[in-house]
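K.L.:
For reference, the chains in residue letters:
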Amino acid sequence: DAKTTQPNSMESNEEEPVHLPCNHSTISGTDYIHWYRQLPSQGPEYVIHGLTSNVNNRMASLAIAEDRKSSTLILHRATLRDAAVYYCILRDLYSGAGSYQLTFGKGTKLSVIP
Amino acid sequence: KAGVTQTPRYLIKTRGQQVTLSCSPISGHRSVSWYQQTPGQGLQFLFEYFSETQRNKGNFPGRFSGRQFSNSRSEMNVSTLELGDSALYLCASKAQETQYFGPGTRLLVL
Chain B
1 DAKTTQPNSM ESNEEEPVHL PCNHSTISGT DYIHWYRQLP SQGPEYVIHG LTSNVNNRMA
61 SLAIAEDRKS STLILHRATL RDAAVYYCIL RDLYSGAGSY QLTFGKGTKL SVIP
Chain F
1001 KAGVTQTPRY LIKTRGQQVT LSCSPISGHR SVSWYQQTPG QGLQFLFEYF SETQRNKGNF
1061 PGRFSGRQFS NSRSEMNVST LELGDSALYL CASKAQETQY FGPGTRLLVL
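Residue numbers (the working numbering), protein chains in the order written: chain B, 1 to 114; chain F, 1001 to 1110.
Please note: incorrect hints may appear among the correct ones.
Straight-line distance between alpha carbons at most 30 Å, and here's what the computed DSS-like set of lysine-lysine pairs gives [claimed, not checked]:
| id | chain 1 | residue 1 | chain 2 | residue 2 |
| --- | --- | --- | --- | --- |
| 1 | B | K106 | F | K1013 |
| 2 | B | K3 | F | K1001 |
| 3 | F | K1013 | B | K3 |
| 4 | F | K1013 | B | K69 |
Listed below are several chain B residues computed to face chain F (Cβ distance under 8 Å; list not exhaustive) [claimed, not checked]:
| id | residue |
| --- | --- |
| 5 | H49 |
| 6 | F104 |
| 7 | K106 |
From chain F, some residues computed to sit far from chain B (all C-beta separations above 12 Å) [as the list claims (entries may be wrong)]:
| id | residue |
| --- | --- |
| 8 | L1046 |
| 9 | R1055 |
| 10 | R1067 |
| 11 | F1069 |
| 12 | N1071 |
| 13 | A1095 |
| 14 | R1106 |
Read the hints as simulated data drawn from the structure, not as lab findings.
Here a beta-carbon is modelled for each residue, glycine too, at the ideal position from N, C-alpha and C.
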C-alpha cells in the first residue's frame, strides 16, 4: 500500500472547524483514501472514504486534491468528543479479491481545547 | 445492530502460557480481521478470515493463529507467550469498504 504522511499532532478550539491534512504523493489510480479515528481506550472507528470526488457524511467531509496526491479531512465543528488519533490510509481497490488489510501509520493526534 | 464484541476485555498471562481471544462480528458480516496494537509498533494487521478460511496474513510468527466458525465468530490464539506480546488485540468485521472495530482485548504478559 502507498505511504501517507500526516502531522503528528494538531490542536483545535471547540466548536471551530478542523482541517486534518494527509499527503499521499505516490497514490495509484486504484487507491481508495480512508480515514479512521481512534478515541482513547477504544478501537478505531471508520470516519469516511473516497476515491476521486469530495465526500460528505454525518461525521465529516473529505476533500481530495485534483491530482489525488493529498486529501483533507474536515470536521465542521470540533467537539471534545472529536479528540482522537486520526489515521489516513490508502487501500488498493484491486487488492486480493475482496480481501484487504488496513495499514495504519502513526496518524495525527487531535486535541480539542474547550 | 449490535457492534463487534470481544472477550475477554482484559487478560493477564505469564510467559510461556497460551491464550485464546474471541471476537463476534456484526450480524451478517462474514469477514473478520485481527490487529495488534502496541505503543512501539502501532496497529499491525495479523490475519483475516472469511467464510471460515484465512485469506490474508500479516507478518507475524506462527505462534499467532486463528480460526473462524460457521457463524462467523472468530478466535485467535497465541502460544508460548512472550513479554512482547503484551498489546491491545483488536478485531474488525467488514462490510464493503468499511471495517468496524471492536473495543479490543488488552493482554498483559508477565
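K.L.:
Are the hints correct? Go through all of them and say.
P.N.:
Results of checking the hints against the structure:
1. Our distance criterion of 30 Å between C-alpha atoms is met by B:K106 and F:K1013, whose separation comes to about 28 Å.
2. With a C-alpha separation of about 34 Å, the suggested pairing of B:K3 with F:K1001 is violated against the 30 Å cut-off.
3. The hinted pair formed by F:K1013 and B:K3 fails the criterion: a straight-line CA distance of about 36 Å is larger than 30 Å.
4. Our distance criterion of 30 Å between C-alpha atoms is broken by F:K1013 and B:K69, whose separation comes to about 45 Å.
5. Using the Cβ-Cβ criterion of 8 Å, the hint placing B:H49 at the interface with chain F is satisfied: the shortest such distance is roughly 6 Å.
6. Taking 8 Å as the C-beta contact cut-off toward chain F, the hint placing B:F104 at the interface holds, the least distance being around 4 Å.
7. Using the Cβ-Cβ criterion of 8 Å, the hint placing B:K106 at the interface with chain F is satisfied: the shortest such distance is roughly 6 Å.
8. Its closest Cβ contact with chain B, about 9 Å, brings F:L1046 to no more than 12 Å, contrary to its assignment away from the interface.
9. At roughly 5 Å from the closest C-beta of chain B, the C-beta of F:R1055 falls inside 12 Å, breaking its exclusion from the interface.
10. With a minimum CB-CB distance of about 16 Å to chain B, F:R1067 clears the 12 Å threshold, and the non-interface call stands.
11. The Cβ of F:F1069 sits about 19 Å from the closest Cβ of chain B, beyond the 12 Å cut-off, so the non-interface label holds.
12. With a least CB separation of 20 Å from chain B, F:N1071 remains clear of the 12 Å interface cut-off, as annotated.
13. Against the 12 Å criterion, F:A1095 falls within the reach of chain B, whose nearest CB is about 10 Å from its own CB.
14. At roughly 9 Å, the least C-beta separation between F:R1106 and chain B is not larger than 12 Å, which violates its mark as non-interface.
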